[in-house]
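Here the structure of chain X is known, so what remains is to put chain L in place on it, guided by the hints.
Number of protein chains: 2
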Amino acid sequence: MLAPVRIYGDQRSGNCLKVKWTADHLGIPYEWHEVDVLKGQTRTEDFLAINPAGQVPCLERPDGRILAQSNAIIFHLARGSKLIPSDDFDQAKMLEWMFWEQYSHEPFIAVRRFRKAFQNLSDDEIDPELMAKGRRALGVMEMRLLSRDFMVRNHVTLADIALVAYTRVADEGGFDLDEFLGVRAWVARVENELGIDPDAGRVSPVL
Amino acid sequence: MLAPVRIYGDQRSGNCLKVKWTADHLGIPYEWHEVDVLKGQTRTEDFLAINPAGQVPCLERPDGRILAQSNAIIFHLARGSKLIPSDDFDQAKMLEWMFWEQYSHEPFIAVRRFRKAFQNLSDDEIDPELMAKGRRALGVMEMRLLSRDFMVRNHVTLADIALVAYTRVADEGGFDLDEFLGVRAWVARVENELGIDPDAGRVSPVL
Numbered sequence: 002m003l004a005p006v007r008i009y010g011d012q013r014s015g016n017c018l019k020v021k022w023t024a025d026h027l028g029i030p031y032e033w034h035e036v037d038v039l040k041g042q043t044r045t046e047d048f049l050a051i052n053p054a055g056q057v058p059c060l061e062r063p064d065g066r067i068l069a070q071s072n073a074i075i076f077h078l079a080r081g082s083k084l085i086p087s088d089d090f091d092q093a094k095m096l097e098w099m100f101w102e103q104y105s106h107e108p109f110i111a112v113r114r115f116r117k118a119f120q121n122l123s124d125d126e127i128d129p130e131l132m133a134k135g136r137r138a139l140g141v142m143e144m145r146l147l148s149r150d151f152m153v154r155n156h157v158t159l160a161d162i163a164l165v166a167y168t169r170v171a172d173e174g175g176f177d178l179d180e181f182l183g184v185r186a187w188v189a190r191v192e193n194e195l196g197i198d199p200d201a202g203r204v205s206p207v208l
Numbered sequence: 002m003l004a005p006v007r008i009y010g011d012q013r014s015g016n017c018l019k020v021k022w023t024a025d026h027l028g029i030p031y032e033w034h035e036v037d038v039l040k041g042q043t044r045t046e047d048f049l050a051i052n053p054a055g056q057v058p059c060l061e062r063p064d065g066r067i068l069a070q071s072n073a074i075i076f077h078l079a080r081g082s083k084l085i086p087s088d089d090f091d092q093a094k095m096l097e098w099m100f101w102e103q104y105s106h107e108p109f110i111a112v113r114r115f116r117k118a119f120q121n122l123s124d125d126e127i128d129p130e131l132m133a134k135g136r137r138a139l140g141v142m143e144m145r146l147l148s149r150d151f152m153v154r155n156h157v158t159l160a161d162i163a164l165v166a167y168t169r170v171a172d173e174g175g176f177d178l179d180e181f182l183g184v185r186a187w188v189a190r191v192e193n194e195l196g197i198d199p200d201a202g203r204v205s206p207v208l
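Protein chains in written order, with the working numbering: chain X, 2 to 208; chain L, 2 to 208.
Hints should not be assumed to be uniformly reliable.
All copies of an identical chain are treated as equivalent in the list; a pair is satisfied when it fits inside any one copy or across any two copies.
[Said to hold, decoys possible] Derived DSS-like pairs: lysine-lysine, alpha-carbon spacing no greater than 30 angstroms straight-line: (1) K83 to K117; (2) K134 to K40; (3) K117 to K21; (4) K117 to K40; (5) K21 to K40; (6) K134 to K117; (7) K21 to K134; (8) K40 to K83.
These are calculated hints, taken from the structure and not from any lab test.
Next comes chain X alone, as it looks inside the complex (with noise of 0.2 angstroms):
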């Protein structure tokens, strides 16, 4: 019988989700260790021994060996699963679109999203460079999905996982996902084909 891997994560993060989404769609045995964030639990002794970047989600493997950074763990996790596309270019495709993810999505979409929702912060509050670029975001992946139905593949990959996490949330982060429905049907065929609750890690439910 196989140990089960160790996942340490935030479960209101959208990083530590991808990883929860694959391990339950591979069908991956996984302790679950919640870490708050905003408690400062990622900062502690104890935690920065695990991980010195100070950063959730971390994987830690029955042998003791860590890995963190979400896209590189699923990327672990996925290993000679229909997850990651055989090709090999439509492989670094993929990882062309998670690199941009967490270049030029996260960093706006996600992290609106978070002086928003958790901070509270009102939209005076927030630099607006922030609205602006998650926009353009957006608009390069409402590009993309004009001519297909995910990512990379006619079917799911890590790059579709990737994106969905703070995507299917933007709405939280005050994007409006009306202005961009191809993206908005692609968050719907993303959650349904890994059997994601529409609510689940949501701050508020779906209206």
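Quick look at chain L alone, frame taken from chain X:
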């Protein structure tokens, strides 16, 4: 004979140089197509047709397919080479550092260098967070390099290439590598392994 790939890039950009160094190291023939980011050449209609995200570097394969995101491109170019560990966990660990680079290193160290060396802003005009978070990133690397010569294996991998790109010019962003002696020694080691001229891609020569 292999038709060369085409690389679109700006030779002052560390992200673009990662692709050049990887191709050079592996002896992959390419045509370099210089794109001047400061002159807005990533936002022209012609360039957006190549990469709707409006970013360099981009790789154009002989079959016309396009790949973006520096770390995805070098992953694609280096498939099957020693630059990517064959062990599954080490490969994921390498990706961990590459995602960390784009999320927790580049946005502070590369951006502060851009503000200072390209936009000629004074320290007062630069967001103080960039120095604090950049120093934190260098500290995380310093800890990692206390007990090892390279980031993942005992030889250069893509994690070293990704991280050296802006670390080697961090001084141009006002960071002092004399405070991070392990990092400084590692930069010299990686430049030496890859045959990178210490003056290459710098705004000003090494003092």
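Index of numbered hints that the structure contradicts, given in increasing order
1 and 8
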